[in-house]
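Chemist: Single-letter residue listing:
Number of protein chains: 2
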Amino acid sequence: MDERAVRVAVVGLGNLGRRFVRILGDVADTVRKDHGVALRLVAVADARGWAADAEGLAPDRVLECKRDGGSVGELRPEGHSGEALAMIEGEAFDVLCEATPVNIQHGGEPGLGHVRAALRRGAHVVTPNKGPIVLAWRELRELADANGVALRFDGTVAGGLPALYTGMRDLRGARIDRIEAVPNLTSGLVLELVADGRSWEEALAEARRRGALEADPAWDVDGWDAAAKLVILANAVLGAEARIEDVRRTGIRGVPLKDAAAARRAGQIIRLVAVAERAPDGSLDLTVAPRPLGAPHPLSRLGRDDMGVVFATDLYGTITMLINEPTPIPSAATMLRDILDIYSS
Amino acid sequence: MDERAVRVAVVGLGNLGRRFVRILGDVADTVRKDHGVALRLVAVADARGWAADAEGLAPDRVLECKRDGGSVGELRPEGHSGEALAMIEGEAFDVLCEATPVNIQHGGEPGLGHVRAALRRGAHVVTPNKGPIVLAWRELRELADANGVALRFDGTVAGGLPALYTGMRDLRGARIDRIEAVPNLTSGLVLELVADGRSWEEALAEARRRGALEADPAWDVDGWDAAAKLVILANAVLGAEARIEDVRRTGIRGVPLKDAAAARRAGQIIRLVAVAERAPDGSLDLTVAPRPLGAPHPLSRLGRDDMGVVFATDLYGTITMLINEPTPIPSAATMLRDILDIYSS
Chain H
1 MDERAVRVAV VGLGNLGRRF VRILGDVADT VRKDHGVALR LVAVADARGW AADAEGLAPD
61 RVLECKRDGG SVGELRPEGH SGEALAMIEG EAFDVLCEAT PVNIQHGGEP GLGHVRAALR
121 RGAHVVTPNK GPIVLAWREL RELADANGVA LRFDGTVAGG LPALYTGMRD LRGARIDRIE
181 AVPNLTSGLV LELVADGRSW EEALAEARRR GALEADPAWD VDGWDAAAKL VILANAVLGA
241 EARIEDVRRT GIRGVPLKDA AAARRAGQII RLVAVAERAP DGSLDLTVAP RPLGAPHPLS
301 RLGRDDMGVV FATDLYGTIT MLINEPTPIP SAATMLRDIL DIYSS
Chain E
346 MDERAVRVAV VGLGNLGRRF VRILGDVADT VRKDHGVALR LVAVADARGW AADAEGLAPD
406 RVLECKRDGG SVGELRPEGH SGEALAMIEG EAFDVLCEAT PVNIQHGGEP GLGHVRAALR
466 RGAHVVTPNK GPIVLAWREL RELADANGVA LRFDGTVAGG LPALYTGMRD LRGARIDRIE
526 AVPNLTSGLV LELVADGRSW EEALAEARRR GALEADPAWD VDGWDAAAKL VILANAVLGA
586 EARIEDVRRT GIRGVPLKDA AAARRAGQII RLVAVAERAP DGSLDLTVAP RPLGAPHPLS
646 RLGRDDMGVV FATDLYGTIT MLINEPTPIP SAATMLRDIL DIYSS
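Same order as they appear, the protein sequences are chains H and E.
Residue numbers for the first sequence, in this note's numbering: 1 to 345.
Residue numbers for the second sequence, in this note's numbering: 346 to 690.
In case anyone wonders, no lab produced these hints; they're calculated from the structure.
What you are looking at is a predicted structure, and each value in this text was computed from that prediction instead of being measured.
Even glycine gets a Cβ: it sits at the ideal position worked out from N, Cα and C.
Simulated DEER-style distance windows between Cβ atoms:
1. E/G542 <-> H/G294: 21 to 31 Å
2. E/A383 <-> H/D177: 22 to 32 Å
3. E/R377 <-> H/G122: 23 to 33 Å
4. H/E3 <-> E/P446: 41 to 51 Å
Construct all of the structure, not just a fragment, from the sequences and the given hints.
Modeler: In C-alpha cells:
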C-alpha cells in the first residue's frame, strides 16, 4: 500500500482537542499499518497561542504543556503568542481539526473564521464544532467545493455515532420520511437524576459536578444543543436549508418531577427528542421537546450514557443507531474517522 | 452535476431480484436527479433463460413475464434460453446484481460462477448472496482489485441494515473488541412463536406459511445462516480469514418451550446470537447460539421483524444498529445502496 503523509493541525485544546491529540499519538502506528495513512501533528493552537513544526510535534509534549494550565504558545522553540488564525493562514498543513468551543448564539466565532480560512487556503477541515455548520452550512460547503477540499463534521451530531455518514451515504436512493434523535447526553442525565428523586436544582448541580453541563446551562436544558444537531441532520441528510430559528423548541425545565418518576415506574424514560418530519405539504417540520419513550420505541432503552438516531425510510425500513459513550473519547475520535474518510480509499 | 449512465444486469429473479427490478423502475428518476446516476436495466436472467437490450428493458415487462410463472428467456425479441453465464460473458453491462439463491453447503453455484465471470470481464458486482462471499472472499476481493472493479455485498448481513459499511468504514482507526449480531429474522420469528405457546412443529409450519423458512429449515434453525453472516462480518470488518467451519454453532432446536415462555415473562427475548470476539491469545472466537437478552442489552428490545448488530470498540464506544424490516424490500434495496456507493462521489 502506498503511504500517504497527512499533516494535521489542531485548533482548540479543550475537552475534545486534547483527547484527539492523545488519540493521534496512540493510533499513529496502527493507522499507518492498516490504512496507509501517516498522520503527523504539525501545528496546534489554543486560546492564547500556537505552535508549529513541520517535522512534527510530539503529542506528549503538547499535552504536558496543557496539563499545567499553560498555552502551547509557550512551547520552545515552536511556540508563538497570538491568535490561531495566524497559524491557519501561515503554516503548512493538509487538514485542520477545528475543536474550539461551540458558539451559535453569538456569531459562531472563533470556529467559523478558522473553518473559512482553512478551506480558503485549500486545506481539508474536520470538526465536531456545531457552530460553523449550523450557521454557514451552505457557504462552507460551496467554499469546500470551490477549493477542491473536504469538509467533514461527523462529531457534530450524537457524539461518536456515525449517524451523519449513515444518513448521507447508506440511505441514498430512499425517501427519508422521519428522523428522530436523542442526540444529547446532558439533558438525559438531568432527566434521569430528576427521575431518581433529585430536585431540579440538585440535578443541575450534580450534572455540573460531573462536568456534563456547559457554563450556560440553557444550551443543554433549553434544547439549543439538540436543535443545533437537528438542523445539521436536516441540512446534511435531508438536503434542507434550515436555520436554528426554524426549530420549535421546548426545553426540559417544564418536565414536572412527578412525571419523570411516574415514567420510570411505567418502564419508560423521558428524553429530549429532536424530530424532523415531512409535513403533508412537503415542508419540513422540526421540533425539539421532552417526550416519554416506552417499548417498543427503539430509543426507549437508552441509558444515561446513550444517544440514538432513528431514520424511517421507504426503501431501507426503519434504521436505528445507538451509542453508549461514557467518556468524550468517541466524540474526539470522530476527527480521526473524518480524516480517514477523506484519505482512505 | 454530470450524469453517469450505468448499465445494470440482474441475475436471479426470485424474492430479492424481482423486488430490486421493481425498485429500479420506481427510483430511476429520483436517483438521476439527486445523484446524477442514470440507471438502465440492460439484462436480466432467471434459472431458465435471459434477456438483454442495450436500449433498456422496462422493469414492468420483466415483472409481468415473471408474474405468470414464465422465464425472461421467453421475452420477445430480447429473450434467449440457456444459462445466465452466457449473458454475463456475452452482453455489455457495467454492474452485475447477483441475486440467485444462497448455496454454501454445496459449492456456491451458480452464484460464485456468476460473480467470478463478471469480475473477470471488468464489471462491478453487487450482491446480497452470501454464498460467494463466504466461500471465496479472498479470491473474489483479489479478482476485483486485479480488474479495477468493486465488489459490494451489504445485503449479505442483517438485510437492509448498513452494518457492513459502518463496520468497514466508520470504525476505521479503532480496535473492535467484539461484534454481537442478531442477523437473521426467521430464527427470531420461530422463537417468538414458541414463546407464544406454539409447539415446535406448529412454529415451523407457521414460519413456512409466512414464507420465512427456506426449503431446508436447517439453514435458519440450525444457525447456518447466522454463521454465514458472522463469517462475512469477521472477514470484511475484522480482517479475518474465517470459514464457516470455524464457527461454533448451536441452533435453536434445543431451546425448551418453557424457557422461551419464561424468558418472555421475565421481560427478555431469546434470539440466535452471533458473536465474534478476540480471545486473550489474539485468535478470533466465533460462536452462534441461542441466548436470552434482557435490559440493558441493546438488542433486548428486538421485535419479530427486527435485526441488529453491536460493535464494541475502544475509540468509538459501543455502537448498536437496528433495523425493522417487515418485508424483504430493504434487503433488495441494498443492491441500490451498493450501486450508489460505487458511483456516487
